[in-house]
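Here the protein sequences line up with chains A, B and C, keeping their order.
FYI, the numbering for the first sequence is 194 to 352, going by my numbering.
FYI, the numbering for the second sequence is 7 to 109, going by my numbering.
FYI, the numbering for the third sequence is 2 to 118, going by my numbering.
Worth double-checking, as some hints may not be accurate.
[Said to hold, decoys possible] Here are the simulated SDA-like pairs of lysine to any residue, each with C-alpha atoms no more than 20 Å apart in a straight line:
1) A:K277 - B:P39
2) A:K281 - A:I297
3) A:K248 - A:A340
4) A:K348 - A:G247
5) A:K277 - C:V30
6) A:K348 - A:P288
7) A:K277 - C:R31
8) A:K277 - B:D43
9) A:K292 - A:V321
10) A:K248 - A:A295
11) A:K277 - C:D34
12) A:K281 - C:R31
13) A:K248 - C:I75
14) A:K281 - A:T328
15) A:K292 - A:E317
16) A:K281 - A:A337
17) A:K248 - A:S293
18) A:K277 - C:H98
19) A:K277 - A:V291
20) A:K281 - C:I75
21) A:K292 - A:L252
22) A:K248 - A:V291
23) A:K348 - A:I297
24) A:K348 - A:K277
25) A:K281 - C:P33
26) A:K281 - A:L269
27) A:K281 - C:V30
28) A:K281 - A:E330
29) A:K277 - C:P33
30) A:K281 - C:D34
31) A:K248 - A:V350
32) A:K292 - C:D34
33) A:K348 - A:K281
34) A:K348 - A:E259
35) A:K348 - A:L220
36) A:K277 - A:T328
[As the list claims (entries may be wrong)] Derived list of chain B stretches under chain C, where covered just means 3 residues or more per stretch with a C-beta under 8 Å from a C-beta of chain C:
37) 48 to 56
38) 65 to 75
Hints are computed from structural coordinates only; laboratory data are not their basis.
Idealized CB from N, CA, C, for every residue including glycine.
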Amino acid sequence: MSGAFLVVILALGWAGITGNFSGLNLLFGGLVGGGALLILRYSIRQQGALGRAGKVLSLIALFLYELMVSAINVALIVLRPDLKSALKPAIVAVPLTVKSDAEITLLANMITLTPGTLSVDVAEDRSVLYVHALTMESDTALIAGIANGFEARIKEVFQ
Amino acid sequence: MTVAAFVDLSSLIALILLGLALLVSIVRIVIGPTLPDRVLALDLMTVVAMGFIGAVAVRTGRMLYLDIAIALALLGFLATVALARYILRRGLKTDAAAMEAQS
Amino acid sequence: MIGDIALCLGGGLLILGAIFTLLAAVGVVRLPDLYTRMHAASKAGAVGGGLVLIAVAVISMDAAVALRAIIGVIFVLLTTPVAAHLLARASYIAGYHAGESTVRDDIKTRLEQNSGS
Chain A
194 MSGAFLVVIL ALGWAGITGN FSGLNLLFGG LVGGGALLIL RYSIRQQGAL
244 GRAGKVLSLI ALFLYELMVS AINVALIVLR PDLKSALKPA IVAVPLTVKS
294 DAEITLLANM ITLTPGTLSV DVAEDRSVLY VHALTMESDT ALIAGIANGF
344 EARIKEVFQ
Chain B
7 MTVAAFVDLS SLIALILLGL ALLVSIVRIV IGPTLPDRVL ALDLMTVVAM
57 GFIGAVAVRT GRMLYLDIAI ALALLGFLAT VALARYILRR GLKTDAAAME
107 AQS
Chain C
2 MIGDIALCLG GGLLILGAIF TLLAAVGVVR LPDLYTRMHA ASKAGAVGGG
52 LVLIAVAVIS MDAAVALRAI IGVIFVLLTT PVAAHLLARA SYIAGYHAGE
102 STVRDDIKTR LEQNSGS
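Looking at chain A on its own, in the form it has when it is part of the complex (with noise of 0.2 Å):
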């Protein structure tokens, strides 16, 4: 049911790049989404996509007004005339409680687009992600909005 789902979705998605809503090419996006499926139907994890639709709405609601508050930010910072002494960079290691690559993607993405933050490294052993902070009042204000934010959120939609 899910694999219709996506192969519609693929199907108009593929019209809309195109920008030809004809019959025919749906058809021709939805054989190439369908075949794109049946490549990668051992690596894509099956889910009830549309349970969850609320939880990845509100993760995209609270990512775009993150991102808005980043770029107002880092643009106030950037005009300010006394810049050497508004900055306190610092990399600091924020330990990571989710596990699977597509969770420490998405937050490491996430990370690099809100306020005053910056994903560098992630450690060998996937417990610690390394963020280059912008203006660093203290290490633990930051560990915490990062765990009771983004990564609460991405918890709750993976599971």
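With chain A's structure known, arrange chains B and C on it following the hints.
Here is chains B and C on its own, set in the frame of chain A:
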């Protein structure tokens, strides 16, 4: 002022601002001082160029330019990935040699 | 009437996106070291580029164009952090360290502990 004139004016202002952004990122490419700084500025330049193409699309009304902007973003991403691999393999050595040769 | 509002909104978004992109470029020049510069390029750059694409989508008022522009925005938001992360990781491992103003560096501490034990 009519709405069409406002859109025309805003696309002109956007083009001027983006042109300034291109110039400013070229400053960073020229002064360096290290290889990753230049790669970063090049990456930013492709984003600026993408915005520039978007503004041109609005100004000329030819939405075909949008495809070019998306393709340019893809190209910039791949270029940054390739350059990051290059930095990973042999960045500091060649960079230090180049800086020594310069001084 | 709705078309007029969309055009005004699109023009505003276009200027806003251009301002963010310009500030990203200014940040890349003004900030003191590589990693702080990456903050400016990745955040303000991605938002600036994304806003310009959204502006094109709003001004075109054409479903096919708007869908392509939104796919472009998603693409930019997915690739910019990946590129910044790759570049930061590659330059850290290659030996470019953070500038003197950095107050704390946990990766360095880890590497020193590893070599000590």
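What are the numbers of the hints that this structure violates, sorted from low to high? 2, 19, 20, 24, 32, 33, 35
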